[in-house]
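Participant: Residue strings, one per chain:
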Amino acid sequence: MIKLRHIYKSYELGEVEVPVLKDINLHIKPHEFVSILGPSGSGKSTLMNIIGCLDVPDSGDYILDGEYVDSCTEDELSDIRGGKIGFIFQQFNLLPDLTAYENVEMPLLYHRIAASERRERVLKTLEQVGLSERMNHKPSQLSGGQQQRVAIARVLAAQPSIILADEPTGNLDSVSGKEVMDIIRELWKNGNTIVLITHDNNVAKQAQRSVYVHDGILSEKECAI
Amino acid sequence: MTWKIIKLSLKAIFNNKMRSFLTMLGIIIGVMAVVILVSITQGATSGITDSISSMGSDLITATISDEDVSISAEEAESLTEYRAISSVAPVISMNQTVKKGTESGSYSIVGTTAEYFTVQDESVQSGRILAPSDIEWYTHVAVIGTEVATDLFGTWDAVGGTITIDDRNYTVVGVLAEQGRSLAGSDDSKIIIPYSVAERITGQSRISSFYVKAADSDRVNSAINIIEMFLLRTTRDEDAYSVNNQSEVLDTMNDVTNTMSLLLAGIAAISLIVGGIGIMNIMLVSVTERTREIGIRKAVGAKRKHIMLQFLCEACILSIMGGLIGLLFSYCGISVYNLIAGSIIAMNLTVAFAAIAFCAVIGVLFGSYPAAKASKLQPIDALHTTG
Ligand SMILES: Nc1ncnc2c1ncn2[C@@H]1O[C@H](COP(=O)(O)OP(=O)(O)OP(=O)(O)O)[C@@H](O)[C@H]1O
Ligand SMILES: [Mg+2]
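So the protein lines, in turn, are chains A and B.
Sequential numbering of the first sequence, starting at 1, is according to our numbering.
Sequential numbering of the second sequence, starting at 1, is according to our numbering.
Okay, chain A solo, but in the shape it has when bound (with noise of 0.2 Å):
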């Protein structure tokens, strides 16, 4: 469960002070498909990055599963990224110098997990996205669709019950991003929260419900783009 009161959150441009989020208020349930939508800039990565952990508010509350976030340290938020949430970027963000396997092994050395199920787990991931023959290949050797799909496997070899997708099909052609996006329904079918920022209305329209970011705030209705 996911609440957001009152956020605002703004970035120093020099001597100003830009605001990006005014007053945010959102409320995702568990198991919910919820898609992001807003214009070029209008702060939608911003919002992904505090429901994330990645990033703070300046102000307002961030309740994850009960818990505050705002008053969470920093190891504490680096648990919270590693336990209940996943990351699909729209840059993929794999380590270059990795392979698949390690690639999708990688989160889960911090988490203290015995080889033994480690190992199970990345073969069992990396099977589910289709990629079991690619795994000793390295991220400059495979597609942006692989890319990705590897990037979804280091997701779920996590097991988290949040998963962020921000622009996932934005770097894909329509086939690659057909793939991703039923991997991800299937992820949602299967009980994982979803919440994805996308610009393709197409896309959008798979989730549950939509919400629009214009000028710093939320809106359940569309506005002129």
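These are computed hints drawn from the structure, not numbers from a lab.
Computed from a predicted structure; not experimentally measured.
There's no promise every hint is true.
Stated by the list, open to error - Calculated from the model, a selection of chain A residues having no Cβ within reach of chain B, i.e. all distances over 12 Å:
1. K22
2. N25
3. P30
4. L64
5. L142
6. G170
7. N201
Said to hold, decoys possible - Lysine to aspartate or glutamate pairs mimicking DMTMM-like chemistry, simulated, CA-CA at most 25 Å apart:
8. K11(B) - E117(A)
9. K4(B) - E133(A)
10. K3(A) - D55(A)
11. K376(B) - D75(A)
12. K11(B) - D97(A)
Claimed, not checked - Among chain B residues calculated to face chain A with C-beta under 10 Å, some are:
13. K4
14. A12
15. N15
16. E293
17. A302
18. K303
19. R304
20. K305
21. Q378
22. P379
23. L383
Don't be surprised by glycine CBs; every beta carbon is placed ideally from N, CA and C.
Put chain B with the ligands on the given structure of chain A with help from the hints.
Facilitator: Below, chain B with the ligands alone, put in the same frame as chain A:
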């Protein structure tokens, strides 16, 4: 986990072989400097101290440096009256040109008594040593070192031959046993003649030094005291003479070696520290280059300590690996030195271990700042960095 971190660090190091090697070079050179230099110093001096201690610690050498002070052989010999002193060998030393037919060379001439052989623990390999009668009767005889024998006679078998010193002929009555080389040069190139004869060559009854054998090693110090008192009484000038004992020489020698080793270790430590700064420098570059990697790792749940450990581990591996390569090179260096110098110096293991331990310390010391810097990066800022 630990193993994974080590593997990760090795990967990072081997991904950038040339850079890693250049980074390690400072450490490699530092370790080589300390290990090779200390090994050679210790090896060389242990050879010298061995040869000094083999001469016996109950030997005392008194040298009269002031040319104007005149002490006669009889005065020196009178010291045997003391119970702490068992024998005294007066010495008149000089350098003279020595001829044998057409062969000639400059050798150090030692004018002394039969006691010399007892005190110095020297013996002849053929012929005889000086006899008291030689001194009494001013016989022109000589006991020569092996090098003199080979130079002038072409063989060690020189007994019965004749050599010319200062236009007078001397019969060779003995050839000394071979001594080998020491700090002061070759001991085999001296010629021993009766001191009464030497007195005639110099034209004055003044001895330049004398050797004293203490009654036993417990009485070396009292013997030294007696000699010093005697010399002070006769010369009335503390600067006119010096009294030395082998064990003192040995102590001084050890002091010098230790100071030198310490000095070398200090210099090497400085170069190791410079090497450490090199590692810190490269680690800082590496942190900047890998900002995005750090961001990704943090985004998936890595904590500060994980990132810290990863970079610290990398710095330590760099410096310890540099140290080990340095040891390897040192081993080769010492082997080459042995081959060239014909010595049998071994690598000083204490220094080797100390150097490696020091490298580990350097790795931690200079790795911690970049590691701390890496661990403090905010995940969001790190992710936003391109590259
Ligand atoms: N680190 C930063 N420093 C300063 N300004 C920033 C920073 N990050 C984002 N911004 C600003 O905040 C605003 C919102 O950025 P954000 O990335 O959230 O937009 P977005 O809605 O995700 O856009 P897009 O759809 O193009 O991805 C932008 O105007 C951007 O310039
Ligand atoms: Mg964005």
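Participant: Give me the numbers of the hints this structure contradicts, sorted from smallest to largest.
Facilitator: none
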